[in-house]
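Chemist: Chains A and B supply the protein sequences, listed in that same order. Just so we're aligned: 161 in the working numbering is position 161 of the first sequence, and the numbers increase by one with no gaps anywhere. Just so we're aligned: 283 in the working numbering is position 283 of the second sequence, and the numbers increase by one with no gaps anywhere.
I should point out that these hints are in silico values taken from the structure, not numbers from a laboratory. Possibly wrong hints are sitting among the right ones.
[Said to hold, decoys possible] To spell it out: a stretch of chain B is covered by chain A in this simulated footprint if at least three of its residues, at any positions, have a beta carbon under 8 Å from a beta carbon of chain A; those stretches are:
# : segment
1 : 8-16
2 : 40-52
3 : 99-108
4 : 179-192
5 : 200-208
6 : 249-260
[Said to hold, decoys possible] Not close to chain B: a few residues of chain A, all C-beta gaps over 12 Å, as computed:
#  : residue
7  : GLU203
8  : LEU236
9  : ASP250
10 : ASP315
11 : SER320
Glycine residues also receive a C-beta, built at the ideal position from the N, C-alpha and C atoms.
Protein chains: 2
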Amino acid sequence: MIAEIISIGTELLLGQIVNTNAAFIAKELAMLGINTYHQSVVGDNTAKIKEVIKIAEGRSDLLIFIGGLGPTQDDVTKQTIASYLNEPLELEIESLKLIRDYFEKTGRDMTENNQKQAYYFENGRFFKNANGHAIGTYLKKDEKAYLLVPGPPIEMERMFHDEITPFLATLTQDDRQFIVSKTLRFYGIGESTLVSKLNDLIENQSNPTIAPYAGNHEVSLRITASGKDERECQHLITHTIDQIFSLVGDFYYGEGDDNSLVKVVGKLLQDKKMRISSAESLTGGLFQSTLVSVPQSSKVFRGGIVAYEEAIKRDVLGVSPEILETEGMVSEACAISMADKCREKFGTEIGISFTGVAGPDSLEGHPAGTVWIGISQEGELSFAKQYRFMRDRNGNRSQSVMQGLDLIRRTLLKE
Amino acid sequence: MIAEIISIGTELLLGQIVNTNAAFIAKELAMLGINTYHQSVVGDNTAKIKEVIKIAEGRSDLLIFIGGLGPTQDDVTKQTIASYLNEPLELEIESLKLIRDYFEKTGRDMTENNQKQAYYFENGRFFKNANGHAIGTYLKKDEKAYLLVPGPPIEMERMFHDEITPFLATLTQDDRQFIVSKTLRFYGIGESTLVSKLNDLIENQSNPTIAPYAGNHEVSLRITASGKDERECQHLITHTIDQIFSLVGDFYYGEGDDNSLVKVVGKLLQDKKMRISSAESLTGGLFQSTLVSVPQSSKVFRGGIVAYEEAIKRDVLGVSPEILETEGMVSEACAISMADKCREKFGTEIGISFTGVAGPDSLEGHPAGTVWIGISQEGELSFAKQYRFMRDRNGNRSQSVMQGLDLIRRTLLKE
Chain A
1 MIAEIISIGT
11 ELLLGQIVNT
21 NAAFIAKELA
31 MLGINTYHQS
41 VVGDNTAKIK
51 EVIKIAEGRS
61 DLLIFIGGLG
71 PTQDDVTKQT
81 IASYLNEPLE
91 LEIESLKLIR
101 DYFEKTGRDM
111 TENNQKQAYY
121 FENGRFFKNA
131 NGHAIGTYLK
141 KDEKAYLLVP
151 GPPIEMERMF
161 HDEITPFLAT
171 LTQDDRQFIV
181 SKTLRFYGIG
191 ESTLVSKLND
201 LIENQSNPTI
211 APYAGNHEVS
221 LRITASGKDE
231 RECQHLITHT
241 IDQIFSLVGD
251 FYYGEGDDNS
261 LVKVVGKLLQ
271 DKKMRISSAE
281 SLTGGLFQST
291 LVSVPQSSKV
301 FRGGIVAYEE
311 AIKRDVLGVS
321 PEILETEGMV
331 SEACAISMAD
341 KCREKFGTEI
351 GISFTGVAGP
361 DSLEGHPAGT
371 VWIGISQEGE
381 LSFAKQYRFM
391 RDRNGNRSQS
401 VMQGLDLIRR
411 TLLKE
Chain B
1 MIAEIISIGT
11 ELLLGQIVNT
21 NAAFIAKELA
31 MLGINTYHQS
41 VVGDNTAKIK
51 EVIKIAEGRS
61 DLLIFIGGLG
71 PTQDDVTKQT
81 IASYLNEPLE
91 LEIESLKLIR
101 DYFEKTGRDM
111 TENNQKQAYY
121 FENGRFFKNA
131 NGHAIGTYLK
141 KDEKAYLLVP
151 GPPIEMERMF
161 HDEITPFLAT
171 LTQDDRQFIV
181 SKTLRFYGIG
191 ESTLVSKLND
201 LIENQSNPTI
211 APYAGNHEVS
221 LRITASGKDE
231 RECQHLITHT
241 IDQIFSLVGD
251 FYYGEGDDNS
261 LVKVVGKLLQ
271 DKKMRISSAE
281 SLTGGLFQST
291 LVSVPQSSKV
301 FRGGIVAYEE
311 AIKRDVLGVS
321 PEILETEGMV
331 SEACAISMAD
341 KCREKFGTEI
351 GISFTGVAGP
361 DSLEGHPAGT
371 VWIGISQEGE
381 LSFAKQYRFM
391 RDRNGNRSQS
401 VMQGLDLIRR
411 TLLKE
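Extracted from the complex, chain A is given alone in its bound form:
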């Protein structure tokens, strides 16, 4: 099966938004083993959409249309394709009810246009929208298949994840009845290094497939196996994961699509019934803010101090003037003292500190990217580690936070 991704929206043609949707869907298709040779973008224009469909039908089997399912006048995707295919649309009652409820609850008037979002191909099927009003729809006609999904990424991605990817998986199955995926997450190794270490494994694997995804400071691998039942898939996946761990297991920190280093650290602290506080200089509160980004952080996080200015490190946090004078702010001694002082002040089982040079300028003779991270733990010897990051100011700051999280994780796991 050959798919083609057709994104519809004048805002894409004007460069007002970046087409992240096409990349998302392309990746999902690749994971399912569906080939894509073309992507297109066209405006919210009936005639131009029809021209593009005609071209796409001449070269692809599955046409995926993104966007133009909204309630405004310029959203014409569904009506245009229905008229092109001469196919009736049908109201989906449950989705219509959800839209009505929404307008009632918010006290706004519902228009005919809002109702439009609940239509689907009568001879096809629909996909629910858990994060919005426009449902997705699919129709197969004359050996060609048409899939329509909403444009807002938060709606489209959820719809794909919950309903469309499993549905497309059934289309690509032959005697293989099951598909099982697992995502492994890595920190401290770049995508290219990870891929080169796994090169033999990736090149010689077809089932499971191994797909790397690079995040901002981390890399994931999605392992997908297909088999005649779930047990066969799980067996295949387990075997592949064992091979992966033997090569790059030291960088693995957790699994799952909806996971992150901060979640793993939060869970670890909770399991160990430990609370944390933080003293930050160059990161300026970013570490604490990252902890707080996860719900339930109040179970492990009490608070902290941002001691940006030297005098604040001394007067509010309590770092000794001798350390600041002889060792300086960007030093092992200062990082250790900051971690100790904040742990005492906030009465927590663990304290972490960040001091260094975000950039662009150097500080105390240390180049931008020089960072000390200190760890203070009840009943343990405090320590600090030096890092040298090579990003810009905010890249160095966020990398410090990730490194700090990883340092806590490794410290707590060592015990």
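Given chain A, work out where chain B should sit, using these hints.
Modeler: Below, chain B without anything else, positioned relative to chain A:
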């Protein structure tokens, strides 16, 4: 002139990278008044590239090809188009020299493939690559124009900025010699409201053009005028800006592409020789981290406290137990006290506090999104304002920070 953007690269079809290039070029074209009705993506495949050219020639005048100019075997864009058009390629001597120098300096062997990057259309022109090796090239033939640019954004964007945009501007000029742009930035108004308030103005304007851009918590308008000289452009822009200000001036906070609310606030504090500290609860350090994201923040920011837990607000920050017991953490009194206490503790001229409910759960009977922001200022009456945000946990947190910045800005400007 109608342009079409054709991105070439199998990594785009696999969703391994997001097509930011298409958005960048689309925006540049829109600014130049060049219409784009189609964008396409195709893999590094000679036959498929030729098919796409044929389709594009049937509907557009200027075909812009991005990518596939690299040194590896699969980079076939330039050779494919040259063969399709039956046009000779020519070595650009200066660029070839730069490539040779690079390989000499890095001590690596230069191959025939590397030399490939210095070819351009003999009957056209070339564009230098300040950030890489693959030069750009342009050819006009039989009423159609072909522009080829390299794929790495850092190379492509620089090339556009330095050479291609000015070149395309000469193509679209008739008697108008100059183009001048200005970006106005707004906070506290959504894109749709801004556009509807300016609707008449936008609909009835063709020179200058008014293009809205929505950011995460703010909106920009880019005003672009063309005229016979700079003075005429400036006159046109000034007149339009006056009209815009009369309608939505209250939400304007600054101008320029590379500006933000935090930069404007930082500059304001610096001008007034005021230093700031912050006490944060639900934002968890995000306000301070945002201040620190801008270089030179040490001139205005001393530090602050993240008082996430109730006991920390009392024991470390010094909020009175009475306030916490009778009014609660999510209250005007608590916000004011937090702002006062941090200002005293950190010895700054102004202090700001954030307390409230990030979500997803409610707190002390207040729904998620309820936020108090307090301001304490030397010699002025402290005050706090209540807000009710409707986003998710981290949306509420970042909106609180933006609102806090705007509150400081408005407070300092009122004096």
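Chemist: In ascending order, which of the hints set out earlier in this document are inconsistent with the structure?
Modeler: Hint check: 3, 4, 5, 6, 10 fail, others pass.
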